[in-house]
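**Q** Could you put the whole structure together from the sequences, leaning on the hints where they help?
Taking the UniProt record's numbering, the leading residue of the sequence shown gets 1, the next gets one more, and so forth.
Note that these hints are calculated values from the structure, not bench results. Please read these numbers as outputs of a predicted model, since none were measured by experiment. Don't be surprised by glycine CBs; every beta carbon is placed ideally from N, CA and C. One or more hints might be untrue.
In the SDA-like style, the derived pairs of lysine to any residue whose C-alpha atoms are separated by at most 20 Å in a straight line are [unchecked claim]:
hint	residue 1	residue 2
1	164	99
2	153	89
3	106	89
4	106	138
5	153	100
6	153	102
7	106	95
8	153	105
9	106	161
10	153	95
11	164	142
12	164	120
13	164	138
14	153	120
15	106	120
16	106	156
17	164	122
18	164	145
19	164	124
20	106	148
21	164	131
22	164	114
23	164	123
24	164	118
25	153	110
26	164	106
27	164	111
28	164	89
29	164	119
Here are the computed distance ranges between Cβ atoms for each label pair [to be verified]:
hint	residue 1	residue 2	range
30	133	104	40 to 46 Å
31	49	76	54 to 60 Å
32	7	44	39 to 45 Å
33	141	74	53 to 59 Å
34	11	41	34 to 40 Å
35	76	44	53 to 59 Å
36	38	66	52 to 58 Å
37	100	123	34 to 40 Å
38	68	104	49 to 55 Å
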Amino acid sequence: MDQKRAMLYPQVDFNAPTAPSPTPTRELGNPIANGLPIEAPPSYDVAVSVPVAPAVSAPAIAPARPPPVVVVEQPAPQPPTVVPTDTLHLGPNRSRVLCPACGANKTTRMTHTANSRTHMVAGLLCLVGFCCCACFVPYCMNSCRTGNHYCRKCNTFLGAYNPKGMNR
Numbered sequence: 001m002d003q004k005r006a007m008l009y010p011q012v013d014f015n016a017p018t019a020p021s022p023t024p025t026r027e028l029g030n031p032i033a034n035g036l037p038i039e040a041p042p043s044y045d046v047a048v049s050v051p052v053a054p055a056v057s058a059p060a061i062a063p064a065r066p067p068p069v070v071v072v073e074q075p076a077p078q079p080p081t082v083v084p085t086d087t088l089h090l091g092p093n094r095s096r097v098l099c100p101a102c103g104a105n106k107t108t109r110m111t112h113t114a115n116s117r118t119h120m121v122a123g124l125l126c127l128v129g130f131c132c133c134a135c136f137v138p139y140c141m142n143s144c145r146t147g148n149h150y151c152r153k154c155n156t157f158l159g160a161y162n163p164k165g166m167n168r
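**A** Given below as structure tokens:
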């Protein structure tokens with residue numbers, strides 16, 4: 001316990017010249033009461049300013065020249081070239097077409113997706129109630145679904161075929 005106290009509160013010799021005074025003196029107390037003049041603290045500019053060293057004559061160094069500017073004129077961008085192609089005649093079956101993207105002359109790949117006609121026919125069959133499984137038949141018939149044509153080489157979408165059998 002005494003060791004902790006000695007570490008926290010060391011013994012100070014007040015007779016030493018560097019020792020702090022045990023009680024505040026009247027000289028350091030209130031400067032107004034002692035008759036000392038009051039000075040305002042320095043302004044920010046004065047407190048932060050860096051003292052300027054006296055000018056020392058240095059050998060003259062020629063300023064570096066900026067690198068020369070080279071102007072290269074680029075040709076004006078050309079508008080994209082549009083090549084008119086014949087309209088693709090896509091039917092309910094695979095068709096042989098010239099792909100506008102890759103230039104391949106191949107038969108298209110088809111996928112069929114359900115459209116609004118498919119959903120209406122399925123709903124009608126469900127309401128009529130022929131059979132509980134009859135409402136799934138339009139989703140299996142290609143005549144009720146949209147046929148999407150794709151290029152076999154580059155897989156580009158070429159167009160869609162919508163069957164018109166029900167709208168005549």
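**Q** Between residue 164 and residue 122, does the CA-CA distance stay at or below 20 Å?
**A** 17 Å, holds
**Q** Residue 164 and residue 111: Cα distance at most 20 Å?
**A** With a Cα-Cα distance of about 17 Å, the restraint between residue 164 and residue 111 holds, given a limit of 20 Å.
**Q** Is it true that the CA of residue 164 sits at most 20 Å from the CA of residue 106?
**A** Measuring from Cα to Cα gives roughly 26 Å; hence the hint is violated.
**Q** Residue 164 and residue 123 were given as a pair; does the straight-line alpha-carbon distance stay at or below 20 Å?
**A** 19 Å, holds
**Q** Are the Cα atoms of residue 153 and residue 105 separated by 20 Å or less?
**A** Holds, at about 9 Å.
**Q** Is the Cα-Cα distance between residue 153 and residue 110 20 Å or less?
**A** 13 Å, holds
**Q** CA of residue 164 to CA of residue 119, is that 20 Å or under?
**A** Cα-Cα ~15 Å, so holds.
**Q** Next pair to validate is residue 164 with residue 124; report whether the Cα-Cα distance is within 20 Å.
**A** 18 Å, holds
**Q** Quickly compare the C-alpha distance for residue 164 and residue 118 to 20 Å and report which way the hint goes.
**A** 12 Å, holds
**Q** Residue 164 and residue 114 were given as a pair; does the straight-line alpha-carbon distance stay at or below 20 Å?
**A** 14 Å, holds
**Q** Just tell me: holds or violated, for the beta carbon distance of residue 133 and residue 104 against 40 to 46 Å?
**A** 42 Å, holds
**Q** Take a quick look at whether residue 106 and residue 156 sit within 20 Å of each other, Cα to Cα.
**A** This hinted pair holds, its Cα atoms lying about 12 Å apart.
Comparing the model with each numbered hint stated earlier shows that hints 1, 4, 14, 15, 21 and 26 do not hold.
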